[in-house]
Amino acid sequence: MSAPAIVGTIDEPPTAPPSRRERRADQNRSESSSHNRGPLMTTAGYVGMTVALLIVAVPLFWIIITSFKERGDIYVRPAQWWPNPATTENYHDVTTRIPFSNYFRNSLIITGVTSTVKIVLGVISAYALSLLRFPGRGIVFLVVIAALMVPNQITVISNYALVAQLGWRNTYQGIIIPLAGVAFGTFLMRNQFLSLPGEIIEAARLDGAGPLKLLWKVVLPMSWPTLVAFSLITVVNEWNEYLWPFLMSDDERVAPLPVGLTQLQNNDGVTNWGPVMAGTVLAMVPILVLFLVLQRQMIKGLTAGALKG
Amino acid sequence: MATVYFDEATRRFAGHDKSAVDSITLDIADGEFLVLVGPSGCGKSTTLRMLAGLEPINGGRILVDGHDQQGVRPRDRDIAMVFQSYALYPNMTAAQNMAFALDNAKVSKSETKSRVAEAAKILELDELLDRKPGSLSGGQRQRVAMGRAIVRNPKVFCMDEPLSNLDAKLRVSTRSQIAGLQRRLGITTVYVTHDQVEAMTMGHRVAVLRDGRLQQVDTPERLYDHPVNTFVASFIGSPSITLVESKVEQGVASVHGLAVPLQRDVAARAGGSVVVGFRPESWRIVGAGDGAGDGARSETGVESLAISVDLVESLGSESFVYGRPVGAEEASRVTVRLEKRTHLRVGDVVNVVPNQGEVHVFDASTGDRISD
Numbered sequence: 047m048s049a050p051a052i053v054g055t056i057d058e059p060p061t062a063p064p065s066r067r068e069r070r071a072d073q074n075r076s077e078s079s080s081h082n083r084g085p086l087m088t089t090a091g092y093v094g095m096t097v098a099l100l101i102v103a104v105p106l107f108w109i110i111i112t113s114f115k116e117r118g119d120i121y122v123r124p125a126q127w128w129p130n131p132a133t134t135e136n137y138h139d140v141t142t143r144i145p146f147s148n149y150f151r152n153s154l155i156i157t158g159v160t161s162t163v164k165i166v167l168g169v170i171s172a173y174a175l176s177l178l179r180f181p182g183r184g185i186v187f188l189v190v191i192a193a194l195m196v197p198n199q200i201t202v203i204s205n206y207a208l209v210a211q212l213g214w215r216n217t218y219q220g221i222i223i224p225l226a227g228v229a230f231g232t233f234l235m236r237n238q239f240l241s242l243p244g245e246i247i248e249a250a251r252l253d254g255a256g257p258l259k260l261l262w263k264v265v266l267p268m269s270w271p272t273l274v275a276f277s278l279i280t281v282v283n284e285w286n287e288y289l290w291p292f293l294m295s296d297d298e299r300v301a302p303l304p305v306g307l308t309q310l311q312n313n314d315g316v317t318n319w320g321p322v323m324a325g326t327v328l329a330m331v332p333i334l335v336l337f338l339v340l341q342r343q344m345i346k347g348l349t350a351g352a353l354k355g
Numbered sequence: 340m341a342t343v344y345f346d347e348a349t350r351r352f353a354g355h356d357k358s359a360v361d362s363i364t365l366d367i368a369d370g371e372f373l374v375l376v377g378p379s380g381c382g383k384s385t386t387l388r389m390l391a392g393l394e395p396i397n398g399g400r401i402l403v404d405g406h407d408q409q410g411v412r413p414r415d416r417d418i419a420m421v422f423q424s425y426a427l428y429p430n431m432t433a434a435q436n437m438a439f440a441l442d443n444a445k446v447s448k449s450e451t452k453s454r455v456a457e458a459a460k461i462l463e464l465d466e467l468l469d470r471k472p473g474s475l476s477g478g479q480r481q482r483v484a485m486g487r488a489i490v491r492n493p494k495v496f497c498m499d500e501p502l503s504n505l506d507a508k509l510r511v512s513t514r515s516q517i518a519g520l521q522r523r524l525g526i527t528t529v530y531v532t533h534d535q536v537e538a539m540t541m542g543h544r545v546a547v548l549r550d551g552r553l554q555q556v557d558t559p560e561r562l563y564d565h566p567v568n569t570f571v572a573s574f575i576g577s578p579s580i581t582l583v584e585s586k587v588e589q590g591v592a593s594v595h596g597l598a599v600p601l602q603r604d605v606a607a608r609a610g611g612s613v614v615v616g617f618r619p620e621s622w623r624i625v626g627a628g629d630g631a632g633d634g635a636r637s638e639t640g641v642e643s644l645a646i647s648v649d650l651v652e653s654l655g656s657e658s659f660v661y662g663r664p665v666g667a668e669e670a671s672r673v674t675v676r677l678e679k680r681t682h683l684r685v686g687d688v689v690n691v692v693p694n695q696g697e698v699h700v701f702d703a704s705t706g707d708r709i710s711d
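If you read the protein sequences in the order shown, they are chains A and B. Residue 355 is where the first sequence ends in our numbering, and the numbering goes up by one at each step. Residue 711 is where the second sequence ends in our numbering, and the numbering goes up by one at each step.
Because the hints were derived from the structure by calculation, they are not lab data. Nothing here was measured: the structure is a model prediction, and the numbers come from that model. Glycine is no exception: its CB is placed at the ideal position from the N, C-alpha and C atoms. You may find that some hints are simply not true.
Not everything, but these chain A residues come out facing chain B in the computed CB check (under 7 Å) [unchecked claim]: (1) 117; (2) 245; (3) 255; (4) 257; (5) 264; (6) 266.
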């Protein structure tokens, strides 16, 4: 008689997942291994950082020192790396030779409205494309992505024809509405929302949260860093937007700062770079302040503690 | 409080031929604590999510208090869920987490406050109400998640493995806490777990699932004593049951040579071979011997099975011996429970006999139970 077969004793212990301590030990190991890179790699890293820093910092530095130079000191050889004598005359020039405050106001209005519309549209469309289920969702998202691929220089001509036909040249809406479309924000925020733990969204739904409450009380607070980054990028882009406002506006009634600064450049045939640089510095300041205010928010992760662990 | 009725509820995921949940019919009484248990991927969580409205139903229906839930949104079902990951809102304090649902339901501020305070008292969270989830321990988060469910006083609690992220000791204490809480509140509860100890100790009834199909729904005792098939028999019980496929001749099954007489009606239903199952405590030691595989005769005169011990697990109050029948070393292990004072060592040979009336007999081809 052959040995009887045993059909089903399940006595193997369940395989336990690695304990938290083990996982932490693993992390430490990989962290320490990254600290033990060779001196060559470290040097290369620092060289790379320095090169990147110089590429960014030198032009910026040059703009700032030039804004404090007297006209005669700007075109000298060898280059003068420190303003001597330093003057604030250029700053005075900016505010008197062009209606700087008008341009500044226009910039604030255009940037403020466009950014707000873009951020709101971006968040709402991303919410729909990530957290609501409806037929054709994937196709809508593909169309949005396709829109991201079209450079806006291509749409400029048809947009111009349309807006001019509507009689919107030299109006705020003429500048703002064509700029208010968002593909980038939708894309960025959608991916952010998809990365949120699904169980928290489900918990909120079971807790009776409607779509707006879900977005406002649960989804956005967890997406704060991404939202801040998206907002900052949007504001900087709108603040620096040149081509479209330049086409849409003829003078200080609606033209923003970047367009206004070019007026400085061409005022008297020969470009006087001092006031142009001073204007550039003044245009940079609000964005710099905004960045300093928001950068802490950007790095602060808010999902900590939501799930197990 | 409510009754829940699954009426051939089915869920098929797109791109899969097999249903994740296959025509489950399950009647859950008002105030009952029902545990859904099964191995990973058996569809137990999906079943729970269907009840909560987080998964659509592709066939059949689910009734809560006699009302078909088809098309009812999760937020309108009045079902509270405790997730495995707890799913607390990280931006809110423990108190805000618990108050969120009441807030959405437009419950007055004072009512909300008193309900949160009451839940906090029950769950011993009073001191932690102002903390955010990030600064709570795993056990505390679990209690906040429980609190979030109980402040709502919902029709049904759904719990999806709420204890699986706790350490062993906390799990045991929380287990009894949840069971006690459920008794006290009397809210119908569906509890999903893969841990059969949780299933056996917490539920009024336990539903065993396998591959999306319901195997058996019964009280823990019935499930242990009368498993309907070999799957349930081997899933329930720790250490698990020993199942041996055996030939049947003239109403007697031969288990590694040990003659196990079958009852007449059982023998009548059995074909040429059956699967015989023995729980670890169903064996009795009848004195050591060096008997051969075909059943030695001990001094009691009863045929016994000689087992060569290859593992002893001592738990203090009792111990379990795993061994293979002498002469059938390639066969898998037989598990025997020993009393506290019986000492055996690896390599020893013991003779065991099964207790009368504690033998489970299953059909060899279908795995269904034949014995009563």
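Which earlier hints turn out false for this structure, listed by number in ascending order?
1, 4, 6
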